[in-house]
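S.K.: Residues per chain are reported as follows:
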Amino acid sequence: MNMPVKFAGDLTELPTHAYGHRSLTWWGIIAFFAIEGTFFALAIATYFYLAGGEQSWPPAPFRPPSLLAGTLFTILIVASELPNTLLKRAAEKKDLRTVQKYLLAMSAVGFVLLVLRAFEFASLNVLWTDNAYGSILWALLFLHTTHIATDAGDTFVLTGLMFTRHAVEARRFVDVAENAMYWRFVWICWLPIYFLIYWLPRLIQ
Amino acid sequence: MTVLTAHDLPRDGEKLKGVALHARLEKTWSRQPGLWAWLSDVDHKAIGRRYIVTAMVFLLLGGIASLVMRLQLAKPESGLISAQRYNELFTMHGTTMMFLFAVPVMEAMAVFLVPLMVGTRAISFPRLNAFSYFTYLAGGVLLWAAFLLNIAPDAGWFAYVPLSGPEFSPGKRSDIWAQMVTFTEVAGLCVAVEITATTLKQRAPGMSLARMPLFVWAALITALMTIFSMPAIALASGFLISDRLVGTHFYNPYEHGDALLWQHLFWFFGHPEVYMIFLPATGFVSHIVETFSRRAVLAYPAMVLALVTVGIIAFGVWVHHMFATGLPRLGFAFYTAATMAVSIPAGIQIFCWIATIWAGRPRFEVPMLWVVGFIVTFVLGGLSGVMQASVPIDLQVHDTYFVVAHFHYVLIGGAVFPLLGAFTYWFPKFTGRMMDEGLGKIAFWTAFVSFQLTFFPMHISGMLGMPRRIYTYPSGLGWEEPNLLSTVGAFAFAAALGLFLVNVFVSMWRGRVAGANPWDASGLEWAAASPPASYNFAHIPVVTSRTPLWDNRDALPVMTGLRVDDRELLLTTVMEARPDVREPSPEPSIWPLMSSLAVTVVFVSSIFTPWAVVLGLLPVGAALTAWFWPKGPVTPEPVIE
Amino acid sequence: MRRLALLPLLAALGGCEGIQAIGPRNGAEAAAISDLFTVFLIVTLLFYAAVIAFLVAAYWRRRGERQDGLPDPDGTNRDKPLNTALLVWIGAVIIGLTGLTLASYLTDRAIARSVPPGEPVLSVEIVANQWWWDIHYHFPDPSKNIRTANELHLPVGVPAMIYLKSNDVIHSFWVPNLAGKQDLIPGKLTDLALVPRKPGRYRGQCAEYCGIQHAHMALDVTVESKEDFALWLATQQRPAPAPANPLQQAGFDYVTTRECSSCHAIAGTPASGQVGPDLTHLLSRRSLGAGTYPMTRGHLYAWIADPQSAKPGNNMPVVGLDADQLHAVVAYLETLR
Ligand code: HEA
Ligand code: HEA
Ligand code: CUA
Ligand SMILES: [Cu+2]
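Chains as they are written, first to last, in this note's numbering: chain A, 1 to 205; chain B, 1001 to 1641; chain C, 2001 to 2337.
Derived by calculation from the structure, the hints in this document are not laboratory data.
Hints are supplied without guarantee of correctness; some may be wrong.
[As the list claims (entries may be wrong)] The list that follows gives simulated cross-link-like pairs (lysine-lysine, BS3-like), each with its CA atoms no further than 25 angstroms apart:
no.	chain 1	residue 1	chain 2	residue 2
1	A	Lys-94	B	Lys-1631
2	B	Lys-1631	A	Lys-6
3	A	Lys-6	B	Lys-1075
4	B	Lys-1631	B	Lys-1027
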């Protein structure tokens, strides 16, 4: 800096990490929420756009998707908010043992959900190549699956990380808290999609 | 492990300032020599410069494509190039200009300038930034490699289905187009996230939202628009690819799909896109006008409001590209009104700039010339836009050269002119030297005059019924003269840009060496050295007004206490910019490049087999894990609470 | 007034009214739009003039003053009048825009009403193909229906409803002298009302990029008196004449039994292909290959011998006729008047 300066304050005493909107990554994650949320909103808009042009939905002779796998999935993902909340709280308290415990639990949940998701694809009663209805159903489910897979992957990595020497760093706990926030977003996004895929065709039939 | 206290760590302050501080900070922030370090660099200025240079190379390529087109159109029934080649050329030209030049160059300017303007040491997610650049580069290389391999896309820059679909575009041309879009979307979204976080959380203490420089406002609004519009094109091109490669039917009207779905999704992105090009340009204009009128821009709140309203309205007008598709006529009235409404904020901006000149003491230097050229040209293009907003008029002029004239007036007049002005203006920040004034003036005047010569006649050929995207035309319809003029003008315009380029090179080599603030401007970026040091600011500046450097001529207030042995940033609160947290900023890393390469391999091979998406998860996941995995010794935070 | 504003455009036209231009008022819709355009041109030029005047004045005001040195220290103190001016300007812009929006809306409604109910309406179906127009006239008595290609005839003053479809990609139907454009979209039916006002020969052209030969997808339009139109219609309703000499006979044999007949139809003969233009009254048309060539014997030879060099990429293959066959085919085609 070539200009003369005058010292007007000192930053030494500021904390070096913070949770929630005081942290930089939190804003990054919010921005990614906005991006992914827009993706889902537009995919949902596409669904309605395609449905709007049809006499019957799903187009005859297709049947609406079977409920079992999707409903199990939904119950599990909503229920997972409980360990998720506990995980987030523990991270904010920097309680390593509890964090490790719930990270393991969330990893297991992620894994089971991915398996259930495979069954969901099989229960759609339509293939993506059958018609545009099939295409948009698969697309919605596929989009959400990448969502789950990304977060599950992230959880796996974090679980590993929290069992290493890095687990003493305060910023790792911020990471865990932010991962938990992300998971919330993942399951909240799922609810309208669940409704759209499984219930809307039944309701308008 | 010894517990350090906050005061044991080296920090800037009374004890460490001046040359010693510089040396210490350089050690922490500057790049090591060597190729590896170059590839691992995460400095926003280095990445920004690479981004800018790359975008300019694409301007050149896109420009050369247009020159060949203009040669072909110079006379009727010309046989210079084949129909197929012409169609590839305008597709390459439009795609390159929009996706690889105009939008990225504006992002690039923001990447370079925003951290300097808000007074911070680094961009928010520097590794993401490096990743973004490599991914963008890969997309551009993919497109132009395809052109060289003779498999260039040929369905126009908006690639309407079914023409671009599986049935009517066999081969790989359209897949390459769609994947190129994916690359640039990923890159653009990354930058948008960085800019949002940087502007909201890293502003210098005291730089409340109400004191944020207008370019930073423009960059923020642009980033938000990117976030909410780019998913539309990513989704659209994803659907297109899957229709083409795995047999879905999104756009197939015979299997319950719909061809217009593409247009809705495309323009839901495409319209905001044009303002994502224009808004940053208005930011340049505001800064240049301020500096060379020697006073702050008039009615700052109105200017900010104008940016915000343009950003919002931009999402409600996409149907004005689809007036001829036969959608319900009454609904069009809404889109006409919304489109016209954009003229209100645009009019406010134009007024405020001129009023600033009016009330100030204008200095006619080269950046200011470009601004005048901008006003004269852009307003004309804006007004032809207003004509097109009218449904009946648009039904006549849609898809004619009248529209081509409109969008070159607003794109070149409204964005390229300010960009060239901005280059001249911030050139000392990029390189440490000034651009040559004489050459700059000649380049401006040739560009200005030849621009009008090239593009004004297109209004006329459009009114004479000449459709766009035709590789040849018959004589006798009155199109010969306007087309010949356009061709002559285009070459003169290219010469002008060539002159500009010569000026850039000559000045880089032996231009006058610039001080930190050669124009006596008011923004924080001028408090940093020219070119800025790797760490931007030795101490974090404090802002007390909208024009900090003018209001603190004797000494700039600064804050001390950031660590200098580690890359540390100051985070401030969103609204008031009160100091809040110190956070570390990531070190250089090769993994952004590796991740980008992995992504490139996945995207490109997915053109050939959908399995690439599944198999690619592995390398991409591995690279990303390596990227985020903390490295080096464990550093327990010093206890300061 | 109207003439005055269009002066620059008319000058560019070199005094003649184009046959494919936006200015001329040869159809009801085109005329309405032309008026609207004039209104827009005047209003926007006024605003443009205001901006330029302000800009020039802003510079002129301070010419000669010291322009270097410190930034204007009390710049913002003098802003009051400018802020007021800003409000006035915004008001003017809003009024201007409201006026333009209203004018546009009213014109749009007027165009929608341009086909008065109850008048005799001609019904034409146009199907776009890569890169030619398939044209069907429908009448209440289906035996009177005709099929032709690339040339539209309309009786002056009679509203015509044009129904638009596409067989492949999106095209756009546009005859600027008569009306604005309308896309043809696969899977959708769109329409357009034409009310021609002045007899004449016009030209239209596909206005949506539709692939390699989008440049050669023109349409000839003839607006004629009702009598002339009836005459034309009667001709078109007749089947093709029988060949009158051996050469024509040879051509007839070739065209109706070999490759050509799998794509082209000629009424009254065995040729009934549907993928190419109807050839029954080929020679009555003004051009060949959707505006690629004028209709002359030489060009007919050129087209049949090698359609791919005339219009590269179009969907008619090079059939590979020898010289005798070519002479015969052209001789026969020339009887299709
Ligand atoms: C930088 C890019 C940019 C900008 C800023 C604009 C700005 C505007 N554009 Fe443009 N536009 C494009 C880039 C841009 N456009 C592109 C690339 C296309 C074509 C895409 C393609 O098909 O390939 C296009 C196409 C396009 C169309 C579709 C045309 C068609 O295909 O048929 C329309 C229709 O409404 C339109 C309207 C407008 C309007 C009303 C504005 C307004 O924002 C303009 C506002 C500004 C002013 C009006 C001037 C200043 C104001 C005053 C001086 C106040 C007084 C004014 C009045 C009272 C009127 N544009
Ligand atoms: C920012 C965007 C941008 C820019 C800068 C330009 C710049 C130019 N455009 Fe652009 N144009 C578009 C965006 C842009 N265009 C878009 C989106 C389309 C629609 C495409 C579609 O329909 O799909 C289009 C379509 C388009 C057409 C219509 C094609 C058609 O419909 O058939 C034409 C025709 O003349 C044209 C011409 C030009 C010319 C002559 C320039 C010149 O200004 C270019 C000048 C620049 C250079 C020449 C390079 C720099 C030169 C040097 C550094 C000097 C040294 C080099 C040499 C001397 C070779 N453009
Ligand atoms: Cu048909 Cu263009
Ligand atoms: Cu638009």
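S.K.: None of the hints should be skipped; say for each whether it holds.
M.R.: Hints, verified against the model:
The suggested pairing of Lys-94/A with Lys-1631/B holds, with an alpha-carbon distance near 21 angstroms, which does not exceed 25 angstroms. Distance check on the hinted pair: Lys-1631/B and Lys-6/A sit about 37 angstroms apart at the alpha-carbon level, beyond 25 angstroms; violated. About 67 angstroms separates the Cα atoms of Lys-6/A and Lys-1075/B, which puts this hinted pair outside 25 angstroms; it is violated. Restraint check for Lys-1631/B and Lys-1027/B: the C-alpha separation of about 19 angstroms stays at or below 25 angstroms, so the hint holds.
In summary, the numbered hints that this structure violates are 2 and 3.
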